[in-house]
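Between the sequences and the hints, there should be enough to build the whole structure, so can you do that?
These protein sequences, in sequence, are chains A and B. Under this note's numbering, think of the first position of the first sequence as 1, with each following residue one higher. Under this note's numbering, think of the first position of the second sequence as 137, with each following residue one higher.
One should not assume that every hint holds.
Distance condition first, Cα-Cα at most 27 Å in a straight line; then the derived DSS-like pairs of lysine-lysine [what the hints assert, rightly or not]: (1) A:K21 with A:K44; (2) A:K21 with B:K403; (3) A:K44 with B:K403; (4) A:K4 with A:K21; (5) A:K44 with A:K4; (6) A:K109 with A:K21.
Keep in mind that the hints were calculated from the coordinates and are not lab data.
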Amino acid sequence: MEAKTLVLGVIGADVHAVGNKILEIALTEAGFNVVNLGVLVSQKEFVEAALETDADAILVSSLYGHAEIDARGLREALIEAGIGDILMYIGGYLVVGNQDWSEVEAKFKQLGFDRVYPPSTLPEDFIPTLREDLGM
Amino acid sequence: MSGSWVLVDIGSTFTKVTAVDIGQRRILAQSSAPTTIEDVSIGLRNALQGLGLDAEQLRQARKLACSSAAGGLRMVAIGLVQDLTAKAARLAALGAGARVLSTYSFQLTEADREEIIELQPDIILLAGGTDGGNRENILHNAKVLASLPNPVPVVIAGNRSVAQEVAACFPPEFSTYIAPNVMPQIGQLQVDPAREVIRRVFMEKIIYAKGLDKAGRWIEGIFMPTPAAVLRAGQLLSQGTAARKGWGDLLIVDVGGATTDVHSLGKGLPTRAGVVVRGLPEPYAKRTVEGDLGVRVSVLSLMETVGPDVLAQEVNWTREEVESRAELLHAHPDTLPESDEEWHFDRVLARLAVAHAVSRHVGRLSELYTPAGLVWVQEGKDLSSVATVIGTGGVLVRSHDPLAVLEGAGKQGDAPLELRPEDPLFFLDGSYILASMGLLAQEEPDAAFDILTDSLSNYKLARREQ
Ligand code: B12
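Below is the structure:
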C-alpha cells in the first residue's frame, strides 16, 4: 500500500521548532510520507501544501498559546479548496495557563479538528490512533 | 584560419552577428542587418556579409544562433496552486527564455480554454501536484488541453506518478514530452530539467513552425531563444569555468520598448542573522519579464505604474507634457529623442522601468510581530550583496548615461525592505555580446568567459563624483 501523506507544521507566528522536528522524525520512522512545513506556517500554506501533495491528514502544532486565533477558519479554508473532509489533528500548548482539558478539547473540535492533544503528548501516544483514523 | 566562430542573434527587428577568434580571444567583427521574417536567411546573409570576412573564412567558421524573432518563444504555464506548482511552472518557462503569455492555476475552465486558443502558445508547460501528490487536477487539465482545436507541443512536468497517464490523454497529433516535476516536493523547486526539455522542443519543433529553419542554410542550428542565451551568459560569468573563477552573484537588466527583463544569478540566501525564509525557494538562475514596463510600446503602462505626477516631477515638465510625450512614444515606437530634454525623459523612463522591474524581481523583508518580539521574514531572493549589475539591450547601450539608468537597480531610499544590490559595480554590455557568449559557452566556455569579461571590463561604468 502507498504510504499515507501527512502535512505537518507549527501554525501562526509560533517559532517553537523542537517538537515539530521530533514529530517529523517519529512519523517518518513510522512509515508516513511527511511534508513538514516547519514553523511560522500560515493557514494558506497548510491548505496549499495539502492540495498539491494530496495529503491524507494535517497535523497542526501550536505551542505559544494562540492556537485558537491562529487555527480558526482553517477547516473552512480547506472546505473552500475542495478538501474539506481531510483528517486534521492539533496538539501542543493550545491555550494559556491551566484550563479545563475537556473544554479545550471541545473548543478545538468545534473549530473542525478531529482530534486534539494536550501538552507532552508523545508520538507513541497518538500514532496508533492516527493509523486507525486513516484506515491503515 | 581555425578557431573562428560566428554567433548569430536573429532578433525581431535586427539580425546581429558577431565573429570571434577563440584562439586570440577577441572579437573579429560585428555586423547587423534587418531581420527578414518571410525568409530569415536573407537578413542573415546580409548580416554575415557585413562582417567583411572572406568567403573561405566564413565557410570554415562554426556558426551558432539564438532567436527571438517571430514573437519569441510564446508559452503558457499551468499548475495547481498559484503560489506553488503554477509559480514553479512559470519560473521554469521564463528561465527557458519564453514569453509567458499567461499562467493558470487549479482546474482549467471553459473560459481558460478559449483564452488559450486565442493566445496561440508555441508550447504549453503543464505542471500540477508534487510527486505522489495530487493527480486529478493535472489529469483534468490534460483533458481540457487535449480538446484544443490546434495541436500544441505540451511539456508535462507535474506529479511523476501520473505523467504517463497525462501524456496518454492527448491524441497523436499533439507531441508530448515528459520532464521531471518542476516541484517534486513542497518547498523544492526543480526547474532546470524542464527548461532543458523546453529548449529541445524549441530547437526541434518551434523553429520549423516559425519558418526560422530557413536560416539553416547558413548556420548549424538555432539552439535557444535569445533570453535563454543571455541567462546562460550570466551563469557562465557568475560561476566561471573549471579554469576560470567566476564573478559571483550578479544581476542583468535589459530595458526594452515593450518589456524589461531582469536576470539574477545567485542563491539569494539571507545575508542577515535571524531572518526566517518563507515561501517557495527561487531558482539560482532566475529570470523575470515585466510586460508592462517598457519605454515605447509599454510606456503608457509604465507611466501608470509610476504615476504621471511622479514622472512630471522627475523631469520637471508639466503633467500634460509628460502625457503627450508618452502618447507619442507609444504611438510611434521608433521615435528617437532629439533635444536634451527628450533624452533626459527617455533616461528617466528607463531608470524607472529598471527600478520597478528590479523591485518585482528581488525578495523583500517584512516584520512579523510575535509574542516574543519582532521576527524578520524574507520572501524571495536576498540580492543585497550582489556585486555586479550589468545592463544590456538597445535602450541602455544607446543611452547617453547608462549608469544613471542602471542605478535604478540599486538601493532605493523609499524601499528599504527590498533586497536589492546595495553597493554593486555597474557594467554595460556595450558590444552587445551577452547572448553570443551564452551560445559560445556551450562549446567553448573558457573562450566565451575571457571574451565576455574582457568586453565588460571595457564598459565598466564609472561612478560619478558625488
Ligand atoms: C524552548 C522554548 C522556547 C524557545 C523555542 C526555541 C525554538 N526555536 O524551538 C523560545 C525561547 C524561542 C521560546 C519562545 C517563547 N515561548 Co517558549 N518554550 C520553550 C520550552 C522551554 C520548550 C519547548 C520545547 O522545545 N519542548 C520540547 C518538544 C519536544 O515538545 P513540544 O514542543 O511540546 O512537542 C511535543 C508535544 O507537544 C507533541 N506535539 C506538538 N505538536 C503536536 C501536534 C499534534 C497534532 C500532536 C498530536 C502532538 C504534538 O509532540 C511533540 C513531541 O513529543 C517550553 C516549555 C516546555 N518545557 O515545554 C516553552 C513554552 C512552550 N513557551 C512558552 C511561551 C509563552 C513562549 C513565548 C510566548 C514567550 C516566552 N516565554 O519566551 C515565546 C513565543 C515565541 C514564539 N513566537 O513562538 C510557554 C507556552 C505557554 C502556553 N502556551 O500556555 C511554554 C510552555 C513555557 C511556559 N510554561 O510558559 N520558547
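Structure-based check of all given hints:
1. A:K21 with A:K44: holds (21 Å)
2. A:K21 with B:K403: Holds, because 25 Å separates the two Cα atoms, which is no more than 27 Å.
3. A:K44 with B:K403: holds (25 Å)
4. A:K4 with A:K21: holds (19 Å)
5. A:K44 with A:K4: Since the Cα atoms of A:K44 and A:K4 sit roughly 21 Å apart, the hinted pair holds (cutoff 27 Å).
6. A:K109 with A:K21: Holds, at about 25 Å.
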